[in-house]
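Asks: If you're matching them up, the sequences are chains A and B in order.
Quick note on numbering: my numbering labels position 324 of the first sequence as 324, and the sequence is numbered without any gaps.
Quick note on numbering: my numbering labels position 11 of the second sequence as 11, and the sequence is numbered without any gaps.
Honestly, I wouldn't trust all of these hints.
Using 25 Å as the maximum straight-line C-alpha spacing, the simulated DSS-like pairs for lysine-lysine come out as follows [claimed, not checked]: (1) 141/B x 141/A; (2) 56/B x 251/A; (3) 56/B x 212/A; (4) 179/A x 141/A; (5) 251/B x 204/A; (6) 212/B x 56/A; (7) 56/A x 56/B.
Since the hints were derived computationally from the structure, they do not count as laboratory data.
Spelled out, the chains give:
Protein chains: 2
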Amino acid sequence: MNKQLILAKRPVGLPEEDTWRLETNPIVAPKDGEVLIKHHYISLDPAMRGWMMDRKSYIPPVEIGEVMRAGAIGIVIKENNHPNFKEGDCIVSWGGVQQYEITTGENCYKVDENVAPMPKYLGALGMPGMTAYFGILEVAKIKEGDIVLISGAAGAVGSIVGQIAKLKGCTVIGIAGGKHKCDYLINDLGFDAAIDYKSEDIYKALDEKCPKGIDVYFDNVGGEILNAALTKIRLNARIVICGAISQYNNKENIIGPSNYLSLLVNRATMQGMVVLDYSKDYSKAAMDMGMWMMQGKLTSKEDIYEGIENFYETFLRLFSGEKMGKLVLKVI
Amino acid sequence: MNKQLILAKRPVGLPEEDTWRLETNPIVAPKDGEVLIKHHYISLDPAMRGWMMDRKSYIPPVEIGEVMRAGAIGIVIKENNHPNFKEGDCIVSWGGVQQYEITTGENCYKVDENVAPMPKYLGALGMPGMTAYFGILEVAKIKEGDIVLISGAAGAVGSIVGQIAKLKGCTVIGIAGGKHKCDYLINDLGFDAAIDYKSEDIYKALDEKCPKGIDVYFDNVGGEILNAALTKIRLNARIVICGAISQYNNKENIIGPSNYLSLLVNRATMQGMVVLDYSKDYSKAAMDMGMWMMQGKLTSKEDIYEGIENFYETFLRLFSGEKMGKLVLKVI
């Protein structure tokens, strides 16, 4: 039997528990050209909140009654004339919040679980890592000496963004919630400074910790932090709009950055990105990232909770901030 | 004697008449290396509102007690060992709102009043024309087939932006206030469509007139029109932030674009520009613009009012929209 988390209704604001329902359905056999994958880990990401909205976006929304979309990693346990995958293969997929999936292999790729543990392939070596890599290198186009500010800096994307920026010779300031995360940024990830937005006034803290202003702002949160960052940008600054987690559960309109005219004064650029656009270069990025990891130059944390039954309370950690690094659900 | 308009106080909201005071002071003689210019025309621009604010911007603010900064064009009537200018030369300068100026010639340049009438050198062949040229070609990087939306489209900058975009094979939609201006866009400037923001619902009008969305939005106005345009951008769209006249007189915070996450969904860019950055290429731009004008491919209107005494009521036309094309004050 296959435990599946089904989208039951469209949430307004912070999703409530009855947004989803757990169903147990029989596992069907893979048809010709398909494989059956047993999921080991499921990726929980802020973007999932967006996929639940019935609106035009970069991918179609999850429909009511469908399995909740999510990245997943697991092992092929049955194969039916599949051209590329065989039993025992470790596969990263968009398999959704369920214990098993049947797939033709579209948008799936094989990884080696002996090189890195499975959860890393959902984090630093998966979408969040790719987002960080292409966001900071291709969109922000950092160069040595840049002053780089990152929000959501202890998160799955932000923590990698900052480490890559350090590798490239930038000064890196991270914004995160709580002393524990800020200590992690400085002591474990090598950031130059950290701002605790939960206990510090963000404007004052930026004055203190970015006295020369910033060349790059990598934004995962939106809202007042984006607005504050706009007041500190330097000439020709680049702002990467990667996410806006502070705004995803708004019931009314989201807050727009009222300081956006700083873009004009500073001839600066604000650019949105979606990691899917870079798929043709994922393998190059994964090689770089893997190499940095093996050299001890890049580290990542996965925060792992257990059981599809615990999806809801785990999912909420994305928005409460009660997690560290990449949030992952272990399928048991 | 020299009539001079002096900044008397810093305005809050829409400037009141006592923001400036008119002084009459003796004309002094040019010192060694200086010239005395008699102004013929003074340029009135939305940017002047920003120069009155005491805050960091792309140029220092006008100080209280100083002559109000403005572009100007006039004739050298006295010269004292100046290396480049002689009596009778026609000079474009930042001479300010006054009848005469003394200058070393810094940031001034000579033009030929026989090629084009003086007011054109403050409009299509001056800063607004340069802003349009570099904004649409260098910042927006238009290419044939692009769908280009322009706000403030009947203004000094917008009217040129749209004509250049048409020259380059784009589809051009202009937003302006009132039927008269909209007719002008279509009948005189060759725009493909026009939206009258004073009588039309902007969201509905954009649906009708840009059914395929937009590749470029050239923004002179900010506020709700920017926000609406964000809902219509296509993949890899470019938004040029040239100005935000709807927001310049706000007493509170300006309105930020709450739909800015459309940048993410559409991998789009919002970039600010200041024309001064392109000064080394002004002459190339002026040659292109002059050629297009002589070929009848580029036209411009100047709306000319008379007398420094009438500065205040003329200046207000920038914000009420009661003007057509480039607003100029004739010095009498």
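Asks: Are the hints correct? Go through all of them and say.
Replies: Taking the hints in turn, this is what the structure says about them:
no.	hint	result
1	141/B x 141/A	19 Å, holds
2	56/B x 251/A	35 Å, violated
3	56/B x 212/A	14 Å, holds
4	179/A x 141/A	30 Å, violated
5	251/B x 204/A	23 Å, holds
6	212/B x 56/A	14 Å, holds
7	56/A x 56/B	39 Å, violated
When the structure is compared with the earlier hints, violations turn up for hints 2, 4, 7 and for no others.
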